[in-house]
Amino acid sequence: MAHIPDGVLSMPVLVGGGIVAAIGTAIALRRLDERTIPRAAIMAAGFFAVSLVAVPVGPSSVHLLMAGLMGLVIGVVAIPAVLVGLLLQAVLFGFGGLTTLGVNTANIALPGVLLAALFAPVIARAPANRAGLLGGLCGALSVAATGGGVALALALSDSTYVPSAKIILATYVPLMIGEGIITGFAIAFLKRVKPELLDIGWRHRAAEG
Amino acid sequence: MRLLLLALALLPIFASPAHAHRLKVFATVEDGAIDGYGFFIGGGRPQAATFIVQDGTGAELFRGRTDIEGGFTWRPDHGGDFVVVIDAGDGHVAQARIAASRFADYEGGIIAPALAGETADASAPVDSAAPDDLARMIDASVDRAVSRQIRPLLEAYEAADGKVRFNDVVGGIGMIVGLAGMAMWGLARRRERNQPPGGRA
Numbered sequence: 002m003a004h005i006p007d008g009v010l011s012m013p014v015l016v017g018g019g020i021v022a023a024i025g026t027a028i029a030l031r032r033l034d035e036r037t038i039p040r041a042a043i044m045a046a047g048f049f050a051v052s053l054v055a056v057p058v059g060p061s062s063v064h065l066l067m068a069g070l071m072g073l074v075i076g077v078v079a080i081p082a083v084l085v086g087l088l089l090q091a092v093l094f095g096f097g098g099l100t101t102l103g104v105n106t107a108n109i110a111l112p113g114v115l116l117a118a119l120f121a122p123v124i125a126r127a128p129a130n131r132a133g134l135l136g137g138l139c140g141a142l143s144v145a146a147t148g149g150g151v152a153l154a155l156a157l158s159d160s161t162y163v164p165s166a167k168i169i170l171a172t173y174v175p176l177m178i179g180e181g182i183i184t185g186f187a188i189a190f191l192k193r194v195k196p197e198l199l200d201i202g203w204r205h206r207a208a209e210g
Numbered sequence: 028m029r030l031l032l033l034a035l036a037l038l039p040i041f042a043s044p045a046h047a048h049r050l051k052v053f054a055t056v057e058d059g060a061i062d063g064y065g066f067f068i069g070g071g072r073p074q075a076a077t078f079i080v081q082d083g084t085g086a087e088l089f090r091g092r093t094d095i096e097g098g099f100t101w102r103p104d105h106g107g108d109f110v111v112v113i114d115a116g117d118g119h120v121a122q123a124r125i126a127a128s129r130f131a132d133y134e135g136g137i138i139a140p141a142l143a144g145e146t147a148d149a150s151a152p153v154d155s156a157a158p159d160d161l162a163r164m165i166d167a168s169v170d171r172a173v174s175r176q177i178r179p180l181l182e183a184y185e186a187a188d189g190k191v192r193f194n195d196v197v198g199g200i201g202m203i204v205g206l207a208g209m210a211m212w213g214l215a216r217r218r219e220r221n222q223p224p225g226g227r228a
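Same order as they appear, the protein sequences are chains A and B. In terms of the working numbering, the first sequence is residues 2 to 210. In terms of the working numbering, the second sequence is residues 28 to 228.
Since the hints were derived computationally from the structure, they do not count as laboratory data. Treat each hint with caution, since some may be false.
What the hints assert, rightly or not - Over the 10 Å line for every Cβ pair with chain B, so calculated as not near, a few chain A residues:
id, residue
1, Gly17
2, Leu99
3, Ala118
4, Leu119
Unchecked claim - Some but not every residue of chain A turned toward chain B, in silico, with C-beta under 10 Å:
id, residue
5, Met12
6, Glu35
7, Ile38
8, Pro39
9, Ala45
10, Phe49
11, Leu53
12, Ala82
13, Val151
Think of the CB as a built atom: it goes at the ideal place given N, C-alpha and C, for glycine as much as any other residue.
Kindly produce the complete structure, drawing on both the sequences and the hints.
This is the structure we're talking about:
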């Protein structure tokens, strides 16, 4: 699903995804400090473990992506976190692929980062319950954007993939709901227990620019 | 830190029954036909997915669709290496290789007409051909019996191959922790270098 294996995508798509992931990683690495590193590691470990657990849905199966949560907690650092998680999944489990690492990183992490940039300021000011609702929305929309990115990557590689790209979007809907609920609960919980965790990824950026 | 402990505590819940979500192909040779199915390791079968047979050089020999159980059958008209590819169309592609040596009884089938021709035009006694036929029949039935018996074994192996193992998950997380440690170390070194000598606060 979001882990596109080797040998499916065309060269320009692979290179394009690689460039996006490399730029994102370069930006993120410059923002790393001793507060973000442990958080990024926890999020990367969480992403690595959680997205291995597949739940059967219909003819296929889905797994959580956690991109929205990662974007909200660690901001742009979600890109290298996802990259590391995907690299380990590809090497240890043959999950995804090494040549598609860039495309998959871009598809999974980028929506989370961009949507979190939109949602984070609002969530920072909202009370816990509304923050949870907004966080859930952020998580669900990230999944939808990931689905769109996967469909786009497939369609750009080979036009025969277009009809099946529609199928993917249909299978992403249950995942959007599940991801939205879990992200929502996680954000509401963090907002109550440790609210400073939620703006660290973004306060940093505001201080710089 | 508390979060890290929480994550570690939750880990076994995720890891023990976990399956990677990945498409795989199980393919075996039965009676000279390539038979098998595609399956998702997390559960589910790729229904009506594109099923392609390629020869050893990658040239396409056959293109069809899997049935409702993700299954397929294809009978080659000559021996050789084959690659079975299943493309679920949503970015899930998997393949399995069938080596020419798996078609032992099938090659027997190719040789058969030649032998029959020989015995027909030569004045060889009829009963000298019979043991050959018998040997072929025995070969074929042994092949069938063996493939029937080892099929569950091969299926179990393919299924186990993609399973997420707890050790690997813990190893991956250890790797991430190590990377974080390296990043912290790099950060500390950079900070030390940037600080004027003796000016450490």
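Hint check:
1. Gly17: 16 Å, holds
2. Leu99: 15 Å, holds
3. Ala118: Per Cβ check, Ala118 of chain A is outside 10 Å of chain B; nearest 23 Å; holds.
4. Leu119: At roughly 25 Å from the nearest Cβ of chain B, Leu119 of chain A sits farther out than 10 Å, so the non-interface label holds.
5. Met12: 16 Å, violated
6. Glu35: 6 Å, holds
7. Ile38: 5 Å, holds
8. Pro39: 6 Å, holds
9. Ala45: 5 Å, holds
10. Phe49: 5 Å, holds
11. Leu53: With Cβ-Cβ at 5 Å, under 10 Å, it holds.
12. Ala82: Result: holds, 9 Å to nearest chain B Cβ.
13. Val151: 6 Å, holds
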